[in-house]
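> Read off the chains here:
There are 2 protein chains.
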Amino acid sequence: MQGNFVYNNPTKLYFGEDAMKHLTKELAGYGPTVMLSYGGGSIKKNGVYDAVVAALKEAGKTVVEDPGVMPNPTVEKLYEGCKLVRDNNVDLILAVGGGSTIDYAKGVSASAWCEEDPWEKYYVNQGWPSCKIVPVGAVLTMVGTGSEMNGGSVITNHKAGFKIGKVFGSNVFPKFTILNPRFTMTVPQYQMVAGFFDIMSHIMEQYFAGTGDYTTDYIAEGLMRSLIHSSRIAVKNPQDYEARANIMWTATWALNTLLKCGKPGDWEVHMIGQAMGAVTDATHGMTLATVSRPYYRHIMRDGLPKFVRFAQNVWGVRPEGKSDGQVAAEGLDCLEGWMREIGVVMHSKELGVNEENIPAIADATFLLDGGYRTLTRDEVIDILRQSM
Amino acid sequence: MQGNFVYNNPTKLYFGEDAMKHLTKELAGYGPTVMLSYGGGSIKKNGVYDAVVAALKEAGKTVVEDPGVMPNPTVEKLYEGCKLVRDNNVDLILAVGGGSTIDYAKGVSASAWCEEDPWEKYYVNQGWPSCKIVPVGAVLTMVGTGSEMNGGSVITNHKAGFKIGKVFGSNVFPKFTILNPRFTMTVPQYQMVAGFFDIMSHIMEQYFAGTGDYTTDYIAEGLMRSLIHSSRIAVKNPQDYEARANIMWTATWALNTLLKCGKPGDWEVHMIGQAMGAVTDATHGMTLATVSRPYYRHIMRDGLPKFVRFAQNVWGVRPEGKSDGQVAAEGLDCLEGWMREIGVVMHSKELGVNEENIPAIADATFLLDGGYRTLTRDEVIDILRQSM
Chain A
1 MQGNFVYNNP TKLYFGEDAM KHLTKELAGY GPTVMLSYGG GSIKKNGVYD AVVAALKEAG
61 KTVVEDPGVM PNPTVEKLYE GCKLVRDNNV DLILAVGGGS TIDYAKGVSA SAWCEEDPWE
121 KYYVNQGWPS CKIVPVGAVL TMVGTGSEMN GGSVITNHKA GFKIGKVFGS NVFPKFTILN
181 PRFTMTVPQY QMVAGFFDIM SHIMEQYFAG TGDYTTDYIA EGLMRSLIHS SRIAVKNPQD
241 YEARANIMWT ATWALNTLLK CGKPGDWEVH MIGQAMGAVT DATHGMTLAT VSRPYYRHIM
301 RDGLPKFVRF AQNVWGVRPE GKSDGQVAAE GLDCLEGWMR EIGVVMHSKE LGVNEENIPA
361 IADATFLLDG GYRTLTRDEV IDILRQSM
Chain B
389 MQGNFVYNNP TKLYFGEDAM KHLTKELAGY GPTVMLSYGG GSIKKNGVYD AVVAALKEAG
449 KTVVEDPGVM PNPTVEKLYE GCKLVRDNNV DLILAVGGGS TIDYAKGVSA SAWCEEDPWE
509 KYYVNQGWPS CKIVPVGAVL TMVGTGSEMN GGSVITNHKA GFKIGKVFGS NVFPKFTILN
569 PRFTMTVPQY QMVAGFFDIM SHIMEQYFAG TGDYTTDYIA EGLMRSLIHS SRIAVKNPQD
629 YEARANIMWT ATWALNTLLK CGKPGDWEVH MIGQAMGAVT DATHGMTLAT VSRPYYRHIM
689 RDGLPKFVRF AQNVWGVRPE GKSDGQVAAE GLDCLEGWMR EIGVVMHSKE LGVNEENIPA
749 IADATFLLDG GYRTLTRDEV IDILRQSM
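Chains A and B, in that order, are what the protein sequence lines are. Under the working numbering, the first sequence has 140 at position 140, and the numbering climbs by one with no breaks. Count along the second sequence from 1, then add 388; that gives the number in the working numbering.
Rather than coming from a laboratory, the hints here were simulated on the basis of the structure. There may be inaccurate statements among the hints.
[Stated by the list, open to error] Derived lysine-lysine pairs resembling DSS-like cross-links, with alpha carbons at most 25 angstroms apart:
no. : chain 1 : residue 1 : chain 2 : residue 2
1   : A       : Lys175    : B       : Lys400
2   : B       : Lys400    : A       : Lys12
3   : B       : Lys648    : A       : Lys25
4   : B       : Lys648    : B       : Lys400
5   : A       : Lys175    : B       : Lys563
6   : A       : Lys175    : B       : Lys413
7   : A       : Lys12     : B       : Lys563
8   : A       : Lys57     : A       : Lys44
9   : A       : Lys83     : A       : Lys159
10  : B       : Lys737    : B       : Lys547
11  : A       : Lys260    : B       : Lys563
12  : B       : Lys409    : A       : Lys260
13  : A       : Lys25     : B       : Lys563
14  : A       : Lys25     : B       : Lys520
15  : A       : Lys121    : A       : Lys175
16  : A       : Lys121    : A       : Lys159
17  : A       : Lys260    : B       : Lys648
18  : B       : Lys413    : A       : Lys132
19  : A       : Lys21     : B       : Lys648
20  : B       : Lys400    : A       : Lys260
21  : A       : Lys236    : A       : Lys45
22  : A       : Lys132    : B       : Lys563
23  : B       : Lys400    : A       : Lys132
24  : B       : Lys547    : B       : Lys471
Since the structure is predicted, the reported quantities are computational estimates derived from the model, not experimental observations.
Could you put together the complete structure from these sequences and hints?
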């Protein structure tokens, strides 16, 4: 824990089966016009939409409907949302959905009143908002991204061939989020499992970096162990409330800025996975799974002590009579075993990756230097080939 | 993770060797008059006072001096601080010191403009503020209580023979805290070690409760392991920045409301320890140490699975060929071994506890029902005797 840092996370979380009962009161703190942003309409089937609309009515709000936020929200949709906010002078964006919807809402929040092109300003050039920020509230219905308590916003520009994440400051974090584990139980198994791996990846990206002794790494180990335990229960019985609740809570803490405090982070798996997603439109968590499998084998020797620790503290690998390399490799065996057990996609060819589009994915991959090894383009291509 | 809860912790933390550089800018957000609350003057010897006053000057503030906050802040001092705030129309209370000073500042924050008697209203009757709250900022110089990022405020009434904690809501949390590990390095070894045990106790009070599977218990195990690791380094070399920084960060997360989310908590060790402190004026962390030793042996059978888990996950006790009771007891042996290793006071007779004042301590002890066993007064007396 050596570095200087600021921790400031003002998002208010309402957690549990009764969490929705707080929404009407919370809405009272904002102006009369609320933009209701959501995805493909699954919330209309599971009752969440009705519950949210009832709370909005009870709070006396004017509702601006903003449906159709797609799994990898596009820059075109971002512009559309900005226009809706301006045309209706929206006071609050209420995002109901998973990480894509909340990522999108944060993008609109910082972009609606932005004088410049937000794609260029925030995503391409990683600039900071100077305009009025439209507050965001959230009702989470899919677990994984951690978007409910951070400043992250990933937007895809298909024309440019890029999927880029911007991490906004705490003024763009959701002001509040409703976290009801029951709302996540109608998510299809494939999406649920992709979310589980997304959580694991968020923790590993922050864990596998730095050579110091960091309190947050101990917290990360605890979060991974909780996730591994509860995910094994949830894939067998998605209706297990305790498991789903623990996973929901783990997801929030996996990426709400705590784990990065005072230490470097890697994020290369996300860079490759996001590039894969931009080219194939595959589900985010599954891209991370197929990349992680070869990536961690590739960098293991560069951060060996941490991989040894991972094996022992997360997976309970016994070190007696083994070399560090053996212990570390055994830890990665355990990781892969768990991935198979919960049913993530192991091979990126199933996601649409092939010899033809690998160069495009490699070109769209940002090469970061925070982890144990800074990759070259050739190494990215190797990893992509092995991911197939 | 079964319960409903609200998590809302808006305290902004500036952490690291350079953290003080943020103070002047942070002060700009408050009105012109700042009450500077601190303890016995150690901050005048180690340069912290000068640094704070320089920042206050740079920010153009009028300073109201409020020295002399004692280790167990008294209700008389609380009244005195309230009068100072009212007489000077204070805009911000800047608490520079350890938990006692920040606890006191929060008490004054909620009490200065309170129409009723704050001791009766907040501490005896556990009521909620309805008056104007004076914002609190903090510069932490001693680690342990977690007061820097929560609503806790413990006040002692010697006349009544009570030391009572009130946990205020997030409107009374410090608005910001400066956490510079170097500021904690001049604390005498005795106080430093007492702080280490206070941290451990905060975690254990929340860990040893509830029978469900809770993500926060996994986080708690991580925090305990980090504390055990770093405290062993710090007692040998108090100038080890990494160890002191990790401990400072662990202390904050041990008691900033995260670990209690969605699960019950015990806090009986604090109840007995605070009663002991009210009668003997002993150092808080040391009272907790002497009570914990017999207390956890006493309740071990009532929460056996958690004690088994504690032994394995925190201390690495191997279960093969042992009964659960043996494993659990071995975990408590490890806890005691660590206590001796870091040098906490093991016997309360060294703190002034004797056969004569045990009944008074027992009478001042609140009996709580959140843990694995609700004690009777007779059991408290037994534990106090064994603590000697």
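> Does each hint fit the structure? Answer for all of them.
Status of each hint after checking the structure:
A C-alpha spacing of about 15 angstroms is found between Lys175 (chain A) and Lys400 (chain B), which places the hinted pair at or below 25 angstroms, so the restraint holds. Between the alpha carbons of Lys400 (chain B) and Lys12 (chain A) the distance comes to roughly 14 angstroms, so the proposed pair stays at or under 25 angstroms and holds. Between Lys648 (chain B) and Lys25 (chain A), the direct Cα distance comes to roughly 24 angstroms. Compliance with the 25 angstroms bound is thereby established for this hinted pair. Under the criterion of a C-alpha separation no larger than 25 angstroms, the hint pairing Lys648 (chain B) with Lys400 (chain B) is consistent with the structure, at around 20 angstroms.
A C-alpha spacing of about 17 angstroms is found between Lys175 (chain A) and Lys563 (chain B), which places the hinted pair at or below 25 angstroms, so the restraint holds. Between the alpha carbons of Lys175 (chain A) and Lys413 (chain B) the distance comes to roughly 23 angstroms, so the proposed pair stays at or under 25 angstroms and holds. Distance check on the hinted pair: Lys12 (chain A) and Lys563 (chain B) sit about 15 angstroms apart at the alpha-carbon level, within 25 angstroms; holds. Annotation: proposed proximity of Lys57 (chain A) to Lys44 (chain A) holds, straight-line Cα distance about 16 angstroms (limit 25 angstroms).
The straight-line distance between the Cα atoms of Lys83 (chain A) and Lys159 (chain A) is roughly 21 angstroms, inside the 25 angstroms bound, and the hint therefore holds. Pair hint Lys737 (chain B) plus Lys547 (chain B) holds up; C-alpha atoms about 23 angstroms apart against a cutoff of 25 angstroms. Taking the CA atoms of Lys260 (chain A) and Lys563 (chain B), the gap is about 22 angstroms. The hint holds against a cut of 25 angstroms. Of the supplied pair hints, the one linking Lys409 (chain B) and Lys260 (chain A) holds, its CA atoms being roughly 21 angstroms apart against a limit of 25 angstroms.
The suggested pairing of Lys25 (chain A) with Lys563 (chain B) holds, with an alpha-carbon distance near 23 angstroms, which does not exceed 25 angstroms. Distance hint between Lys25 (chain A) and Lys520 (chain B) is fulfilled; the C-alpha atoms sit about 21 angstroms from each other, no more than 25 angstroms. The straight-line distance between the Cα atoms of Lys121 (chain A) and Lys175 (chain A) is roughly 23 angstroms, inside the 25 angstroms bound, and the hint therefore holds. At most 25 angstroms may separate the alpha-carbon atoms for a hinted pair to count; Lys121 (chain A) and Lys159 (chain A) meet this at roughly 17 angstroms.
Using a Cα cut-off of 25 angstroms, the hinted pair Lys260 (chain A) and Lys648 (chain B) holds, with the two alpha carbons roughly 22 angstroms apart. With a C-alpha separation of about 21 angstroms, the suggested pairing of Lys413 (chain B) with Lys132 (chain A) holds against the 25 angstroms cut-off. Under the criterion of a C-alpha separation no larger than 25 angstroms, the hint pairing Lys21 (chain A) with Lys648 (chain B) is consistent with the structure, at around 21 angstroms. Straight-line distance between C-alpha atoms of Lys400 (chain B) and Lys260 (chain A) comes to about 16 angstroms, which keeps the hinted pair within the 25 angstroms bound.
A distance of roughly 23 angstroms separates the Cα atoms of Lys236 (chain A) and Lys45 (chain A); the hinted pair therefore holds under the 25 angstroms criterion. Under the criterion of a C-alpha separation no larger than 25 angstroms, the hint pairing Lys132 (chain A) with Lys563 (chain B) is consistent with the structure, at around 23 angstroms. This hinted pair checks out: Lys400 (chain B) and Lys132 (chain A) have alpha carbons roughly 22 angstroms apart, not beyond 25 angstroms. A distance of roughly 21 angstroms separates the Cα atoms of Lys547 (chain B) and Lys471 (chain B); the hinted pair therefore holds under the 25 angstroms criterion.
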